[in-house]
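Position chain L against the provided structure of chain V, taking the given hints into account.
Line by line, the protein sequences give chains V and L. Start counting the first sequence at 43; every next residue gets the next number (the numbering used here). Start counting the second sequence at 21; every next residue gets the next number (the numbering used here).
Take these hints with a grain of salt, some might be off.
Here are the computed distance ranges between Cβ atoms for each label pair [unchecked claim]:
id, chain 1, residue 1, chain 2, residue 2, range
1, L, Glu388, V, Gly154, 26 to 36 Å
2, V, Thr122, L, Leu374, 51 to 61 Å
3, V, Ala265, L, Gln204, 23 to 33 Å
Just so you know, these hints were derived from the structure itself, not from any lab. Cβ atoms here follow ideal geometry from the backbone N, Cα and C, with glycine treated the same way.
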Amino acid sequence: MKQPSSRIKTLKIDGQDVGAHEDETVLEVARENGIFIPTLCELEGLSPHGGCRLCLVEVKGINKLLPACVTYVEEGMEVTTNSTRLQEYRRTILELIFSEGNHICSVCVANGHCDLQSLAQKLGMYHVSVPYRHPRRSVDASHERFALDRNRCILCTRCVRVCDEIEGAHTWDVSGRGIEAHIVTDLNQPWGESETCTSCGKCVNVCPTGALFEKGKAVAEMAKKRGFLPYLTLMREKRTR
Amino acid sequence: MAQQITINPVTRAEGHGKITIFLDDDGFVRDAQFHVTQIRGFEKFCEGRPFYEMPSLMARICGICPVSHLITSAKACDELMAVEIPETAQYLRRIMNLAQLVQSHALSFFHLASPDFLLGLDSDPAQRNIFGVMQSHPNIARDGILLRKFGQQIIELLGGKRIHPGWIVPGGVSEPLTVEKRDQILATIPEALATIQRTLDWFKRTFDNYPEEIRTFANFPSLFMGLVNEQGELVHYDGHLRFVDATGKIVADGIRAEDYQDYIGEAVEPWSYLKFPYYKPAGYPDGIYRVGPLARLNIINFCGTPLADAEWAEFRELGRGAVLSSFHYHYARLIEILNGIERIEHILNKPDILSKNVRAYAEPNRLEGVGIAEAPRGTLLHHYRINEDGIITYANLIIATGHNNMAMNRGVLQVAKHFVNGTKMQEGMLNRVEAVIRAYDPCLSCSTHAVGQMPLQIQLVSPDGAVLDELRR
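So that you can see chain L by itself, here it is in the shape it has in the complex:
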């Protein structure tokens, strides 16, 4: 009999999600949908506010990566002011962005995803969490906590607090860096570097345990998008957008932030609050693309730091063109942590990092501004329009999880087709459906800009729409 399976809520992800798997009359998976079930309305309620408030207002979209929103929003405001911010301010913003990347990646990998690798995808769900990892692999759990702390401490040192620091402002940053703080951060680098190298070593050895997952976890051709600089280097703060295809060939390059609408369209489906961005030249739904760590490592020419570049060379061996399996988001995430730590050290050693000139002041000089930066989960875009008094009249945000929406849906379908079989619902196969979502490290609360707590639910529904079975965590 034809059925529908719903996973609701999706666990170990940030925000509320639900998965519906549609089965045909023979019990085979026909279709799957990943729904984001809440709406928050940030784009609307900021209308009427002075643009200067936007960074801290928009940072409230997310408590995990407020820094990404702060930075992207401040960059859009820099555009409204039409200023070039002081170089030291750029360096300082970059350090905070990388610190955010390291702490968020560490959270995703160790706290959310690692229970699947360390305890097994079929292990007891009551144990399959960070506390289970702490019991069975205390050293690894400690490493995760250390890397997260490394990033969070930098954010706190620079911005005064770990969550929602107000330090990044339109025109630059509000306070310069002091010698003491710089030296305090530099002192934590060696331990962080050793920790991430240790993690890469054990994680790469587990690849052989997951041949089926690597083959089926959203492993399909798609475009990849992210920021690169003119040399094609891995960047997270500035640069231009680049799209590459599944073979690794560049299909569009040097796209300026303000031209994003020529390349990215946003489609809407009635069953999810999350929009479906697509690559415009290919149309909807063919213009499927991915963003985030995997995409970034697929589009670049090099990482730009020695240890990460050595690791990246190994990563590239995983695929003939671009690396296509979303399972490797995890690997890419670890390489980015390595790159982030190396780069923070590099920037902190720049001679003018302690300059007091860290802020540009200006009135609004343009009525429209777009800011783009790489958030941990992928490209983040804020687009504002203001009136002549500097009051916001329009805001459009495209969040990393949004870019990945089509890819997550296709990934869920692929993994469901392989692992789910309608005759019986086994916990382990449902966890694989969730794990594919987890590979993208989606931030569902950000993506719909949602209220409430996290949690996933699976429903089995017959062709006539009746819910036959339901699994809830």
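Pulled out of the complex, with its shape left as it was, chain V reads as follows:
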């Protein structure tokens, strides 16, 4: 988070000279300067997670690729956001995400309102070249108003973060490791039996896909409303100051 007292650093993004506060990430600076870096797990108003790896960028002098959302600016840094290699890696990441779950847009509640879908379109991911896993994951529809389809969950943890950082309930968390990882409510009980859930619906609205949705929504009807998030964050910042 930008602090007024922080020092200024200068760096290059895609050959463009930019100035930034030392506590800013490469992603933030790029956005301020109108440079597009694709993101999926990141959401303005929530702490960065660095999980989806779509914001990977090249930094001169460093061999590995760095996630722009959690990489802080350095003096003299030279960042490339859109090389052929990066485009290929990003498409591969998307292909892997698509192959891992069951993402059938045409019958999904979030069709037309899905961050994963629109990113695939934007980044030119037209085919999935790895075999689909077709997992059989459970659907939790025990909550009165909302439902969770783990088949569409990409483990971005936006729901976990919004519930913890904004709502303060920390109903959601991630259970299991690797391919077994999945989100759970409370101590892995059905959502409808959760004692901490306030039914505020923030998780549903920040979810990038159709994994979390309102019950009673037919295909393509689950538009997500996220305008509330920056306001809530702003209010909180003011209160703590």
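Here is chain L on its own, set in the frame of chain V:
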């Protein structure tokens, strides 16, 4: 020597099919089987899904008549929610269902069946298709394209796209109708009406060319089933099931959707993926019944629109009780197009058709729901069970082509007995075997809920099971 003939794949039908004709030692047809050769598993993989997804999930069974599945599935979901949907929503769903009926019937009649009538059942198979018709009878081909477009455009105007519109949802429809769209549809009615009347005129004149086909194309006594309303009117969206026998006598009436299992059983045969539904009180295999345009026009008391009723009166003259020859499915299809166009106009002129109140919202209030509607090919039935969270635990679908399965098999046997003679396999006689299937306009992909492309194959097999000859398209 005894042989077996296999027609594989069956052409100009929707989905994969195969026909096997068994010959006896003297080369006469002993038996015939119509096989549907693929399985898709929709009833199984929808288990575990929220019921709200079902209409669009089930619509993927078919790209020709997604609307029929959407409607029937949505009706089953309305039952799960235990709601009565707003009247305007019912009207709008009805319009889309009729538009679907018109476009599908036009496809069946003009694109798939008309080459047989216009070019002849014995004509060159390379020409005997819609492109051949375009060359020899361009005006008729144009009429077919126009009627199909008429229906498809209505579907697109209402639902946003022609195939798999998401507009029909549990509880009603997602968007009301606008004045502009209504007027746009109304403007296309006169041309569509003139086109179907023109088609009826030329088609009826061809009956005299096909006395043998009319006599032998699945022309046998059977029951007929379909939906009628309380007045016995031709309906495609709501109403109750009625069965009539070959004499036209009503044998069961007023059957509610949820009671279907008391009347319809589903038998299984090892040689086809398509089940064999039968009329339970008569048992299997005696409870043979037909559905679809021919059946619907056999069970009703009247069509309910003036032009179609006049045409229906002529249709009834074709038989003493019910009209029994499946050849007349084609005629019935044209009368239904006429009725569909008239009815669309009638509904569009209703005063509250533009009402904004088109959707009911509710949680699941019942754990079981059955939806029935008339698809172009006949009665379509979706039966779902859910758990208390609204998750599908069971689904059973009976598709129009399924109801007709026994009748198609008997039809194939009848036409094979008459036209096929084991000493030689002639293309024209095989086409007659296919044409009888085509009369039912089966949707094989729907019926087995099958993957892949369409295509029929004929095999000659000896009593010991050896394939002696094979014809493939």
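Hints and how they fare:
no., hint, result
1, L:Glu388 with V:Gly154: 26 to 36 Å, "holds, 32 Å"
2, V:Thr122 with L:Leu374: 51 to 61 Å, "holds, 56 Å"
3, V:Ala265 with L:Gln204: 23 to 33 Å, "holds, 27 Å"
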